[in-house]
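Trainee: Residue numbers (the working numbering): 1 to 113.
Each hint should be verified, as a subset may be incorrect.
What the hints assert, rightly or not - Quick list of simulated restraints, FRET-style, between CB atoms:
{"hint": "1", "residue 1": "Gly-18", "residue 2": "Ala-89", "range": "19 to 27 Å"}
{"hint": "2", "residue 1": "Leu-47", "residue 2": "Ala-15", "range": "19 to 27 Å"}
{"hint": "3", "residue 1": "Arg-98", "residue 2": "Gly-44", "range": "40 to 48 Å"}
{"hint": "4", "residue 1": "Ser-51", "residue 2": "Leu-30", "range": "47 to 55 Å"}
{"hint": "5", "residue 1": "Val-68", "residue 2": "Ala-24", "range": "17 to 25 Å"}
{"hint": "6", "residue 1": "Arg-55", "residue 2": "Gly-32", "range": "14 to 22 Å"}
{"hint": "7", "residue 1": "Gln-41", "residue 2": "Gln-93", "range": "42 to 50 Å"}
{"hint": "8", "residue 1": "Ser-51", "residue 2": "Asp-96", "range": "36 to 44 Å"}
{"hint": "9", "residue 1": "Arg-78", "residue 2": "Ala-101", "range": "33 to 41 Å"}
{"hint": "10", "residue 1": "Asp-100", "residue 2": "Ile-28", "range": "35 to 43 Å"}
Bear in mind the hints are in silico, worked out from the structure with no lab data behind them.
Idealized CB from N, CA, C, for every residue including glycine.
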Amino acid sequence: MTPAMPMTEADDVLAALGDATRRAIHRIVLQGPQSVSALAQALGVTLTAISQHVRILQACGLLQTRKVGRVRICEMDRRGLDVLADWVALNRQLWDSRFDALDAMLHEGDGAQ
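Put together the whole structure using the sequences plus the hints.
Mentor: Right under this line is the structure:
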């Protein structure tokens with residue numbers, strides 16, 4: 001992947017998780033659904049800031065929200081993690097094939113001596 005390549009879904013997930021507050025929100029919600037206000041209180045952050053972080057996590061598929069009365073509840077969404085897992089698998093496959101080719105080239109040199 002070169003810097004000139006367009007943003008991918010994996011880029012969005014990685015960018016979202018690049019922020020410490022969003023990682024903290026993700027860790028808390030991994031333990032179970034939480035209201036936006038409970039997240040704000042737990043992290044000592046304003047409701048406005050938490051809402052903005054939640055929107056970013058929601059946009060990349062790491063969180064989903066639902067409304068229960070007047071309370072917005074945040075829950076885990078697997079889609080973002082699935083995108084990240086696919087990205088890791090693809091990159092691992094790419095690097096494995098490159099290392100295999102390098103290994104073959106190095107062993108070729110062993111036979112020539």
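Trainee: Hint by hint, say whether it matches the structure.
Mentor: These are the hints, each one checked on the structure:
{"no.": "1", "hint": "Gly-18 to Ala-89: 19 to 27 Å", "verdict": "21 Å, holds"}
{"no.": "2", "hint": "Leu-47 to Ala-15: 19 to 27 Å", "verdict": "23 Å, holds"}
{"no.": "3", "hint": "Arg-98 to Gly-44: 40 to 48 Å", "verdict": "45 Å, holds"}
{"no.": "4", "hint": "Ser-51 to Leu-30: 47 to 55 Å", "verdict": "19 Å, violated"}
{"no.": "5", "hint": "Val-68 to Ala-24: 17 to 25 Å", "verdict": "23 Å, holds"}
{"no.": "6", "hint": "Arg-55 to Gly-32: 14 to 22 Å", "verdict": "21 Å, holds"}
{"no.": "7", "hint": "Gln-41 to Gln-93: 42 to 50 Å", "verdict": "43 Å, holds"}
{"no.": "8", "hint": "Ser-51 to Asp-96: 36 to 44 Å", "verdict": "42 Å, holds"}
{"no.": "9", "hint": "Arg-78 to Ala-101: 33 to 41 Å", "verdict": "34 Å, holds"}
{"no.": "10", "hint": "Asp-100 to Ile-28: 35 to 43 Å", "verdict": "41 Å, holds"}
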